[in-house]
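A.B. asks: Using the hints, position chain X against chain E.
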Amino acid sequence: MSIAAIQEEIIEEFSFFEDWMQRYEHMIELGKSLPLIDPQHKTEDNIIKGCQSKVWLHAGLQEDKVVFTADSDAIITKGIIALLIRVFSHQKPADILAANTQFIDQIGLKEHLSPTRANGLVSMIKQIKLYAIAFQTQLN
Amino acid sequence: MIDVARIREDFPILNRKVHGQPLVYFDNAATSQTPKQVINSIVDYYENYNANIHRGVHALSQEATDAYEQARIKIQKHFNAAHSHEIIFTSGTTHAINIIASGYQTLLGPGDELLVSAMEHHSNIVPWQMLCEKTGAQLKVIPMLPNGTLDLEAYQKLLSPRTQLVFVNHVSNALGTINPIEKLIAAAHAVDAKIVIDGAQAAPHIATDLQQLDLDYYVTSAHKICGPTGVGILYGKSALLNLLPPYQGGGEMIATVTFEKTTYAGLPHKFEAGTPNIAGGIAFGAAIDYIQSIGIDAIAAYEEELLRYATAQLSKIEGLKIYGQAPHKTAVISFNVGAIHPYDIGTILDKMGIAVRTGHHCAQPIMDYYQIPGTVRASFSFYNTKEEIDRLVVAVNKAKMMLE
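First to last, the protein sequences are chains E and X.
Sequence positions in the first sequence follow the working numbering and run 1 to 140.
Sequence positions in the second sequence follow the working numbering and run 141 to 544.
Just chain X, same shape as in the assembly:
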């Protein structure tokens, strides 16, 4: 069980006020808040062993290198990758996707097909469109059903021997839908296609076992899972990552350099040119420790309770429509009230100290599908409470009264 009162003590930001009201933070799908254990790991790094890694012989450099590589191992174990060198540190999910897309420029050509789901974040659409422009490969869309789930029959029909890559998020950022990735992976592998799972929205809520899933590529960001911004990971099976050419040239990623010929370093360094976000990587490790200390299953169970409560309470508001009614969802509620513009509701909620996201959530194809300009999105985390949900309901009612 979650002791939410005690957990809230770990998050200094939850004590602040916004427009004179105690903050209610319901924008967790955009970024999660940071516990002091993670903040302290950053402070500790800069106060005690800030140094460049992987090259210094001095004590600070070795301590920093050890801490950074320990973080990589923590992440490897958390997601159960076979090897720590299969975990590439990136600046985030978007960067990780771009590394894969860049790598495939030399591996694809006309006649090849890529499948992308209709409920992706723009960061899992645009890099593939750019890849198709460069290679002549074709991007096809796995359609969505009205309840916000993927059309699995259509997916099955789209798969063919021409399919090289499939891109799907584990959880939709705009709707909270949990996609059945086991089935999606198995179907892709049946036609020898590789699959990239965007885990940015799932990692904070669902235990993910990369080996058991037999996943080819997995990408996620630290800042969605109580870590800092500016750091994330690309996971790939060794054989696949070895096949991809490097993404950026520079220091760290080389074995030997002469003006005649440079040879590249092995994994993971091949994809980690330049000085990385060392403090960020270490803090990502601390965030994994923190999440594990609470337990991801306990987190999921408590968030499910919040989701059910919020869905029931918000549904009582006349004219409120929830988008995305998948049977399996994370604690995300995307909604509109009557014809009121989401921006107007978000503005009034902000005045009452409640942080939600409004707009298209960087998933315009979903908004086009529902023919709406956007939604108000409330996304809950394990440090939120039912009392805060009650305040959201009061605030939405007030906004409705003012705006209708």
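Okay, chain E solo, but in the shape it has when bound:
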């Protein structure tokens, strides 16, 4: 499935929620249900330092696609990470680089992308793109 198609699917999924509470409850469920990262990858090197919640991000190449795994110590952050992984993992580096993250705004979670949130998500997206650049170079 393409990145755009997955994003459309998520927007559709979130359109059923009537208020912020339902959206956040869903995010919390997403955060709780997903085993996101192999414990051996939860290293100091893989930490994206936000001010408040920690985010770990690991990336590897499987054939021509990037596989991301991640985790956070805050559950709402973890929920958003789960969405980002769903969108960006198992995609080609070039597609990752071309994609945007506007769907987060469209599903009513825009505030989490504000730099003041200091939750590491802005840095995480940047890091995802940096990995894509690195793997793109490797593939070429």
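In short, the hints are calculated from the structure, not lab data.
We treat Cβ as the ideally placed atom computed from N, Cα and C, and that holds for glycine.
A hint or two may mislead.
[Stated by the list, open to error] Think about it this way: if two alpha-carbon atoms lie no more than 27 Å apart in a straight line, the pair counts; the simulated DSS-like pairs of lysine-lysine are:
| hint | chain 1 | residue 1 | chain 2 | residue 2 |
| --- | --- | --- | --- | --- |
| 1 | E | 42 | E | 65 |
| 2 | E | 92 | E | 110 |
| 3 | E | 54 | X | 538 |
| 4 | E | 129 | E | 32 |
| 5 | X | 157 | E | 110 |
| 6 | X | 401 | X | 456 |
| 7 | X | 540 | X | 526 |
| 8 | X | 461 | X | 217 |
| 9 | E | 54 | X | 461 |
| 10 | X | 526 | X | 538 |
| 11 | X | 538 | E | 110 |
| 12 | X | 461 | E | 32 |
| 13 | X | 297 | E | 32 |
| 14 | X | 540 | E | 110 |
| 15 | E | 32 | X | 540 |
| 16 | X | 297 | E | 54 |
| 17 | X | 297 | X | 323 |
| 18 | E | 129 | E | 92 |
| 19 | X | 157 | X | 526 |
| 20 | E | 49 | X | 540 |
| 21 | X | 274 | X | 297 |
[Unchecked claim] Coverage of chain E stretches by chain X, computed from C-beta distances (three or more under 8 Å per stretch; other residues unrestricted):
| hint | stretch |
| --- | --- |
| 22 | 52 to 62 |
| 23 | 65 to 75 |
[Claimed, not checked] Label pairs and their in silico Cβ distance ranges:
| hint | chain 1 | residue 1 | chain 2 | residue 2 | range |
| --- | --- | --- | --- | --- | --- |
| 24 | X | 326 | E | 130 | 52 to 58 Å |
| 25 | X | 453 | E | 95 | 47 to 53 Å |
| 26 | X | 461 | E | 26 | 27 to 33 Å |
| 27 | E | 21 | X | 525 | 22 to 28 Å |
| 28 | E | 32 | X | 329 | 52 to 58 Å |
| 29 | E | 105 | X | 180 | 34 to 40 Å |
| 30 | X | 329 | E | 130 | 50 to 56 Å |
| 31 | E | 73 | X | 457 | 18 to 24 Å |
| 32 | X | 320 | E | 21 | 44 to 50 Å |
| 33 | X | 188 | E | 26 | 50 to 56 Å |
| 34 | E | 129 | X | 530 | 42 to 48 Å |
| 35 | E | 130 | X | 301 | 51 to 57 Å |
| 36 | X | 158 | E | 44 | 54 to 60 Å |
C.D. replies: Below, chain X without anything else, positioned relative to chain E:
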């Protein structure tokens, strides 16, 4: 007594909504809200007498200079400094601390010791670490006890003839602990050490008499005490400030300049290079007027009532743990609920219109001491109400239900 309904009319921002809910502002320890009397003083300055100060012969410049110097005198009187020239305008507490730290670069060397408390804001740690790197002096830590108070016995043992400077906050920003500064000052002076008190968290809540305390240096910010951001003060005894070299070179801080030799201006101008935050200084004065019109003792008594009420109500929530249980506290409650990350609680509270601070509050050593990633911090001011605290309790319960 505080007439909170009337006082709230002074704060336009308290009428706004956040995420569709009436704002509950409990992040007062980060910055206080601004009453219209202070906002009006800024508008009045820019509308009627905006001009550069201390040098113009024209009417606007003289009016601006008078207002700025009047503000300095108001601040001097409020904190009971002996002279207005001992009040140096700065951009805030951090800037004030850096002026002192910079000044001591030439006055310290290897063998000298500096003591810093374990419950300081990073701004009262890092400048001293940098000072030690430059001078070879050693920074030692006054430890903290589990209830969030300083270990005074350990402090006594750390003090020695080698001790040159001691740094302690009057009130901890992360825990609300009120430190016994009278004792801390007397003990420092007994070994001829100078002491720097960070008053950023105390100034809005506790009357501070600099002469009675025999304080060497005192620093605070306007924006914690209903004033604007970007302005604060450094107080120092004249003899000490005269000893410190200037911090920045530039206009305003000179007596004469030639390419052969420049002589510096006297206090306070020696430390006030460049055009200052004129409107900010004047508004700081207006904030002092405002606080005095309500009365700092009345403020302290009302906030104590809010603190007791909030502590009792929040303590009813199962799994809620309050960090910092000092017998003397300002109206700050730092807490966690079970193993829930403070960031998650803060996010849900925000959705319900409640502004709190979450995280390490720029005091990582305290969080490391308690081995937690951070806390949720609700800090109350005299314009807050018990009804707002009730809304906080409902919101924390809701967050707990969603997150556990």
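A.B. asks: Is residue 526 of chain X within 27 Å of residue 538 of chain X, Cα to Cα?
C.D. replies: holds (18 Å)
A.B. asks: Given as covered by chain X, does the stretch 52 to 62 of chain E meet the bar of three residues or more with CB within less than 8 Å?
C.D. replies: Per the Cβ count (3), the hint holds.
A.B. asks: Has the given pair, residue 297 of chain X with residue 323 of chain X, been kept, meaning a C-alpha gap of at most 27 Å?
C.D. replies: This hinted pair holds, its Cα atoms lying about 14 Å apart.
A.B. asks: For the pair supplied as a hint, residue 157 of chain X and residue 110 of chain E, confirm whether the alpha-carbon distance does not exceed 27 Å.
C.D. replies: holds (18 Å)
A.B. asks: For the pair supplied as a hint, residue 461 of chain X and residue 32 of chain E, confirm whether the alpha-carbon distance does not exceed 27 Å.
C.D. replies: holds (23 Å)
A.B. asks: Range hint 50 to 56 Å: satisfied by the CB atoms of residue 329 of chain X and residue 130 of chain E?
C.D. replies: This hint holds: roughly 55 Å between Cβ atoms.
A.B. asks: Starting from residue 297 of chain X, check that the Cα of residue 32 of chain E is at most 27 Å away, please.
C.D. replies: Not OK: residue 297 of chain X and residue 32 of chain E at ~49 Å, beyond 27 Å, violated.
A.B. asks: Using the beta carbons of residue 105 of chain E and residue 180 of chain X, state whether their distance is inside 34 to 40 Å or not.
C.D. replies: Since the Cβ atoms of residue 105 of chain E and residue 180 of chain X sit about 38 Å apart, the hinted range of 34 to 40 Å holds.
A.B. asks: Is residue 274 of chain X close enough to residue 297 of chain X, meaning Cα to Cα at most 27 Å?
C.D. replies: Within the cut-off at roughly 26 Å; holds.
A.B. asks: Are the Cα atoms of residue 297 of chain X and residue 54 of chain E separated by 27 Å or less?
C.D. replies: violated (38 Å)
A.B. asks: Taking the CB of residue 21 of chain E and the CB of residue 525 of chain X, does the distance hold inside 22 to 28 Å?
C.D. replies: Cβ of residue 21 of chain E to Cβ of residue 525 of chain X: about 25 Å, so the range 22 to 28 Å holds.
A.B. asks: Can you tell me whether the CB distance of residue 461 of chain X to residue 26 of chain E sits inside 27 to 33 Å?
C.D. replies: The hint (27 to 33 Å, Cβ to Cβ) holds, given that residue 461 of chain X and residue 26 of chain E are roughly 29 Å apart.
Hint compliance for this structure: hints 6, 8, 13, 16, 36 are not met, and every other hint is.
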